[in-house]
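Colleague: In case you want the letters, here they are:
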Amino acid sequence: MNAVTPLPARASAARTGSTATVAKHLQTLDQHVIEIMSDSGEGAQKCGQSFGSIAARTGNGVWTVEIIPAEIQPPARSVAGASGNRIRIGSHQITNGGDEADIAVAFNEQVLLGRVNAGELKAGCIVLLENMWAEHEDAKIAGQYAETRDRLVAEGYRVYEVPMERECRSLVPDPRKGKNMFVLGMLCNIYSLDMDLARDQIAFIFGKKDAKVISSNVALLEAGWQWAESNLDFKYRVPAVKATVPQVVINGNTAVALGVLASGMDICAMYPITPATSASHYLSDVFERAGGIVHQAEDEIAACAFAIGASYTGRVAVTITSGPGYSLKQEGLGLAVMAEIPLVVVNVQRGGPSTGQPTKVEQGDLLTVMFGSHGDAPKVVMAPGTIEDCFYSMITARRLAETFNMVVVVLSDASLATAQQPFPRPQFSTEWLAPPVDQNPVPDGAKPYDWDPVTGLSRRFVPGQPNGMHTLTGLAHDRNSRVAYDPEINEQGMRAQHEARHAAEDSHAAASVRRPRGRTARGWLGRHQGRHRRGRGATARRRSPRLLHAPDVPATDAARHR
Amino acid sequence: MNAVTPLPARASAARTGSTATVAKHLQTLDQHVIEIMSDSGEGAQKCGQSFGSIAARTGNGVWTVEIIPAEIQPPARSVAGASGNRIRIGSHQITNGGDEADIAVAFNEQVLLGRVNAGELKAGCIVLLENMWAEHEDAKIAGQYAETRDRLVAEGYRVYEVPMERECRSLVPDPRKGKNMFVLGMLCNIYSLDMDLARDQIAFIFGKKDAKVISSNVALLEAGWQWAESNLDFKYRVPAVKATVPQVVINGNTAVALGVLASGMDICAMYPITPATSASHYLSDVFERAGGIVHQAEDEIAACAFAIGASYTGRVAVTITSGPGYSLKQEGLGLAVMAEIPLVVVNVQRGGPSTGQPTKVEQGDLLTVMFGSHGDAPKVVMAPGTIEDCFYSMITARRLAETFNMVVVVLSDASLATAQQPFPRPQFSTEWLAPPVDQNPVPDGAKPYDWDPVTGLSRRFVPGQPNGMHTLTGLAHDRNSRVAYDPEINEQGMRAQHEARHAAEDSHAAASVRRPRGRTARGWLGRHQGRHRRGRGATARRRSPRLLHAPDVPATDAARHR
Amino acid sequence: MSAATLCLHHFAEENYALEDYQGGVPRWCKGCGDNAILAAIQRLCRDESLRPEKTVFVSGIGCSSRLPHYMRTYGFHGIHGRALPIAEGIKLARPDLHVFVNTGDGDCCSIGAAHWIHAIRYNMNMTVLLHDNHIYGLTKKQASPTSPVGTRSNTTPRGSYLDALSPLTVTLGVQNVSFVAQAVDWIPESLFQILTAAYRHRGFSFVRILQRCPEFVGNMFEPWVHDPQRMLMLTHADGIRVSPALQKIYRNQLPHDPADINRAREIASSEDPIPVGILYRNPEVPCYEDLRGAGKLRTADQVRGALDAELDKFTVWPQ
Amino acid sequence: MSAATLCLHHFAEENYALEDYQGGVPRWCKGCGDNAILAAIQRLCRDESLRPEKTVFVSGIGCSSRLPHYMRTYGFHGIHGRALPIAEGIKLARPDLHVFVNTGDGDCCSIGAAHWIHAIRYNMNMTVLLHDNHIYGLTKKQASPTSPVGTRSNTTPRGSYLDALSPLTVTLGVQNVSFVAQAVDWIPESLFQILTAAYRHRGFSFVRILQRCPEFVGNMFEPWVHDPQRMLMLTHADGIRVSPALQKIYRNQLPHDPADINRAREIASSEDPIPVGILYRNPEVPCYEDLRGAGKLRTADQVRGALDAELDKFTVWPQ
Ligand SMILES: Cc1ncc(C[n+]2csc(CCOP(=O)(O)OP(=O)(O)O)c2C)c(N)n1
Ligand SMILES: Cc1ncc(C[n+]2csc(CCOP(=O)(O)OP(=O)(O)O)c2C)c(N)n1
Ligand code: SF4
Ligand code: SF4
Ligand SMILES: [Mg+2]
Ligand SMILES: [Mg+2]
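Protein chains in written order, with the numbering used here: chain A, 1 to 562; chain E, 563 to 1124; chain W, 1125 to 1443; chain V, 1444 to 1762.
Because the hints were derived from the structure by calculation, they are not lab data.
Careful: at least some of the hints might be erroneous.
[As the list claims (entries may be wrong)] Here are the in silico distance ranges between beta carbons for each label pair:
1) P637/E <-> E1462/V: 44 to 54 Å
2) Q1465/V <-> G769/E: 19 to 29 Å
3) D1384/W <-> T992/E: 49 to 59 Å
4) R289/A <-> E1727/V: 25 to 35 Å
5) D1715/V <-> K1420/W: 27 to 37 Å
6) P466/A <-> K1437/W: 51 to 61 Å
7) D1700/V <-> R1326/W: 33 to 43 Å
8) N679/E <-> R1741/V: 45 to 55 Å
9) G718/E <-> P466/A: 24 to 34 Å
10) T1439/W <-> T992/E: 16 to 26 Å
11) G207/A <-> D1700/V: 52 to 62 Å
12) K684/E <-> P1600/V: 51 to 61 Å
Each residue gets a CB set at the ideal place from its N, CA and C atoms; glycine is no exception.
Given the sequences, and given the hints that come with them, work out the whole structure.
Modeller: Structure, rendered in structure tokens:
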């Protein structure tokens, strides 16, 4: 049987192995959620990310979420082993991965089952399932396949069995390594995407390899397109508005890392922890070129203390972690608050409590970062709502920390960490950077904590400044940084810190970062508007507004100063 | 001039060195606040404590608060060096040290000044001031004395200059070491206390020394009494109701330590920190006699982990700390919550944040203990309101922890830690103890986390029980304690923990400790009734009700289960 | 139970099969050295007839720390870096339990370093296995303190900066050290021998096991795996005796008396050849649980007596 | 400023008096060894002409950690156990500063032990003074890791349980160790000499100072204070030369080459006599701040360039 639909331009070797041309039902959609999963190493990740990039270049809103197995080498064909991506595309800006998938592509039925059991697929969802297992020599496997397929059909899923392996076999020696581009072709067909963009994408991702690799992958892509064209009875269009400005497509952790770089911070101290580490990985790779240093400390306590030490010299340093690491930093953060050392802390939240679910998203740390250090230790808390926010939050956080001598916590989460979303390419501005460290002599009589009665702020004296010598301490202290045994003096200092926090809130316009399209940092709307989450460990459903949160303190004192 | 008022019975050598017999004004009071302070080493502490004990034996309500200098060896005659006691006595039960003192006795004017500056003395307060400094050979000292005295008089204090040194000189070779008993005698006169009780008290505190020491101190006591009788124009009576049951007079940290012992806990892991350490000191001394062990760990994290390990074997262990140490334990506590290991944590709060004011009282850690561990990690929080509560809280905490497999935090503070208050002597009951560790085989098919759908509770299997082998984990896990990658399963576990917390709240009657006079634990009235404090670092003014606080979690889930 | 049944029962009890120690199916990568360590441990448990319900494996977090899940004994998979203090608490509360600790090079030597130093001091009777793969496995390839200088990892993409820490020399520098050995996952026989000696030593037995992580640092130990001459087998009447079969392969042998701490420190410093065997043993160091008199039964009367004696000191009796 | 004034200025700058380093009035107990340490430090600063504004004293919490308050330099009185990582952050950010660390035996060897081990590895150029009084001073007498076994304290009322940890042998067991010395507060001259050598060593210079705490353990060092023969003065051309005056009192001398680590470890183990001098020095160990290229100036263009290069990789250009 021959394919009758002509391939789009530049198609050279149209494959015609399919057996039927079907009647197409074209539907226009506002948004759609697609999942692609395989055993790890089979390339579903690359397929999904490429699909997201193509959609983004088309002008669609996009949000991609990694599906990662919790173990390093999960067994093949296992329910817990699904590796891949969820991609949500839309006509408008997309701000999260959505609740349930509309289409699922699976390289085997077990990884699919994992997603079904986890309730990730919509009732009646379309399933495109590799069917090579049906005739597997191991009867047990063939049985599992048949059983799952039948169960899904019975439960109302629209199952299409796709001969991926068979279709790819004539194009590449190891179809296991080629299926992903075949699937990409299928998806381009289903979503009516421009195949030239798809070919460019292949050229981009295999750019470092030789031309033969590219051409064989393009062949796979086209085969997939063709198979879908010939065999599937549906087709979608998600209308797009072509972007007029360049867009970057990165995940939240990359955005955090680039934000650190762009903010002019130059020291990041960290200790590895999922799902925060990839931000530090990326930063370790690129930071040095901008004169920055990533220090992997012996533990989170040391990372926090190290960053405090670096900040103390007149900078703002950053430390990046996730829940368990954040709990360990609590004592150190109290010191930074007491001594009024600016510091940026990124907490990429994961499922808790304790070790919990390291790769799953939760937003359970808001109260922890607000109240977790003993005593009243006010901090500023920011929660980015989009990938773009992840980038700009870092710039704002550094500036807030520096202006107000405060600890600023940026609360990201496992979903933002790995999700990709296009946003307008940032235009670097030297305003993002800190002024050079002041090394001028301190005027006679100036005091290291000369708290302004209204803002609570004081200018900090840093090592190297003649005449500014004093000893900073985590003990209660007076304006001269002398240890205060008197409760009244402690109260003065605390009041100053609370005032500074209020000043930080009030003056956000001054501190905020000028953003493209005239926006200043959105969503500094108040307090306690914590974002919603769907049950535990589920994907965040609502991501706006971004909030800057300066925690309220329980003491009556604080209320008095409002 | 002769003393005309005859000394009370048993007075043998009435001293008659005073120069005037004055008209007395006798006033009956409901309560009164007395402060006695000296340089450290001069014995004001012993004087104050003895005075408190005598008042307690008389049947007065009593609360004593230590006044401790922040440094180990503060210079003599320094404003920051005041060492001594505040004693509040009353006709009824006294639950705190009050706001300002009615009478201040000072061995030099500088330590007095410290208290005046800190606003600890009532306007117009009576001041009994050692006057030897007036004629000091160092003109600077004499000048300071005169200046301070004049200032106080000008500010309206009723200053009585007392020749303590001179009066004592003929009785003891080193009056510096004897003044304190002279002052005790003065106070017994002023408050119309029974001198026989005072003599008994001296016999008790110097009981281990030889008879001569006792008799010379009794002579000092009587000299003080006589001097006051002859020279002071006022006298008070604070009517007392004689106690009919034996009373114990101890401070909060001693009460906590004795509570640990009485509760049947047998392992306490700690790391030294002010103001918690004295509880561990005392326990280190007495615990072994009851078969218990105090382990001083290398840090607070280890102390917490050690206690968790010990608890895991079927016990409930305790760890004692203060704010900075509590912050460090946050991660470990999350593990105990996740794995449902019972644990008792005592946090003796001090001034914060950071190192803050280690010897000053604050109650700033309530939110820290409620929310400080990352993720939703529900705990039970109890806050004793009296010294008696400190004792019984430990017994209740152990039982709650064990019954509900929970972390129970007991929030004491620097004021409770060092304050003394009489309460009825506890009558030990074997019910206070835990049942012996279960070493019976676990029935077939039983699961290590077989959460009851209503209470959320499960029975724990401990090492040594045949058939109960499983691996406990801080990762999310199912009923079999198997690692759960599925968010739904995590949700189940979390729900069980929250349910257990609610069960703990609902069933307090069952868990609470039978107390003398038919009281069960008072004040389990609800949540967020945090106690008030007066500014930062000040003495708590209100101490009731005692609350058992099971923190509310921010997740919508929790609300659902109410 | 009659005496005879009891006896039979005991007999039965003391004869366990490997399966009696096998828990969940291991989920380590193919070729991961942890598999060999698990096998050696299960054999040890069987040969020493450890009652599964009296045996606890404690771990921190890391690939290696998953081991307790694969045992059918009690297990405590704790938090990162804190396996040792948890194990100490267990042992102090229950000195009758057999306590093992599985920890990684990050878990023990980085975040857990303070506890490690102090655990050596306490010298509690437990067997501690350091699965040293020179890398952070679970978190996907970051340098660990034992990574050789120049190790490319995700946090050191241009090579790590510092010379590797030697867990052996550090351990040997701590007062109260009582047992230090080194094993490698790829010589199962000597691994088993060393674990047996460690288990039988009364005190804190620290065994560093060089463990392959093919997933992230596939070539780390290749030169030694392929060249038996680069292994240095420590032999001694008081140490390990190398079997005739092994002797043929590992001909590079060094007699070393485990009582000699100075020599032990020198040998410990050798990175190439890799010493295998017991570096140091001192059975005389007292165990903390003994010093503290742990594990004694106590009665309600004892508690009552101690409490009343204390209350007496503070009681004000009515007159 | 003209060249001549600049020169004069420099001259002035480089001539400091002791008072230029004297901050708040010390509040230690009478007879506390910390006073002698403070005096030696102030003398060192003066003799080495350290610019006060370029000098930072970092500490943790404890009596000894109060020292920065008594200096008229920059000071950072941190939190318990974390002085070292704070100092590392300072040094990495500002390699041009002179960084000193004052820490106690509890601060460094107990709660801070992990940081201590790793600070030795990093080998950053700083001078670290361990004020080792064998007790917790500030919190009023609890046993510390260096308390000799049997020490009666508030947490060990019947005597402490464990043999004392030796900070010297532990430090010498850590890879990358580059300078280890021991001094005592009661021989000010050698204390000063040793501090000078430590300061001049480029790398992590670790000096353990035995320090008297008359308040809580008055007799701890009495036998050694009163019997100079129980002190063992280490001498070497590459180490410390004992002055003729001191030689007369301290006649018990041992030539020791600080390059010999094995011998250093042996000497370090000696508790009686107490060795005083440089145990080990290796100027070849690279400093972490150098390996990391710290302290280089960077420009906005550099940041812009790096950012744009990265963004290029991820940009989707409009068609
Ligand atoms: C407090 C905390 N910090 C960080 C982590 C993340 N983490 C888990 S395992 C690990 C290191 C694993 O390396 P190693 O101890 O060498 O064990 P391996 O996986 O190599 O066996 C880290 C950093 C964590 N779980 N908790
Ligand atoms: C996290 C934390 N834990 C405990 C303390 C209490 N603390 C302060 S200093 C100290 C130990 C002091 O001993 P050392 O380090 O030997 O110093 P020294 O006072 O003897 O000079 C302790 C336990 C604290 N401040 N912070
Ligand atoms: S990542 Fe390495 S250490 Fe972890 S299981 Fe795989 S091979 Fe083993
Ligand atoms: S307590 Fe000891 S260490 Fe602290 S100041 Fe006094 S003598 Fe020195
Ligand atoms: Mg490892
Ligand atoms: Mg000390």
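Colleague: If I claimed the Cβ atoms of N679/E and R1741/V lie 45 to 55 Å apart, would that claim hold in this structure?
Modeller: At roughly 50 Å between Cβ atoms, R1741/V and N679/E fall inside 45 to 55 Å, so the hint holds.
Colleague: Kindly confirm whether 25 to 35 Å is satisfied by the beta carbon distance between R289/A and E1727/V.
Modeller: Holds, since R289/A and E1727/V (Cβ atoms, about 30 Å apart) stay within the stated range.
Colleague: Starting from the hint 16 to 26 Å, judge whether the C-beta atoms of T1439/W and T992/E obey it.
Modeller: holds, 21 Å
Colleague: Using the beta carbons of Q1465/V and G769/E, state whether their distance is inside 19 to 29 Å or not.
Modeller: For G769/E against Q1465/V, whose Cβ atoms are near 49 Å apart, the range 19 to 29 Å is violated.
Colleague: Are G207/A and D1700/V spaced within 52 to 62 Å by their CB atoms?
Modeller: holds, 59 Å
Colleague: Look at the Cβ atoms of G718/E and P466/A and judge whether their distance stays inside 24 to 34 Å.
Modeller: Given about 48 Å between the Cβ atoms, the range is violated.
Colleague: Can the suggested window of 49 to 59 Å be confirmed for the beta-carbon pair D1384/W and T992/E?
Modeller: Holds: the Cβ-Cβ distance is about 55 Å, inside 49 to 59 Å.
Colleague: Given the range 51 to 61 Å, decide if the beta-carbon distance of K684/E to P1600/V lies inside it.
Modeller: violated, 41 Å
Colleague: Given a hint of 33 to 43 Å, does the C-beta separation of D1700/V and R1326/W actually sit inside it?
Modeller: holds, 39 Å
Colleague: Between the beta carbons of P466/A and K1437/W, is the distance compatible with 51 to 61 Å?
Modeller: holds, 60 Å
Colleague: If you check the beta carbons of P637/E and E1462/V, does the distance land in 44 to 54 Å?
Modeller: violated, 21 Å
Colleague: When you take the CB atoms of D1715/V and K1420/W, is the distance between them in 27 to 37 Å?
Modeller: holds, 35 Å
Comparing the model with each earlier hint shows violations of hints 1, 2, 9 and 12; every other hint is respected.
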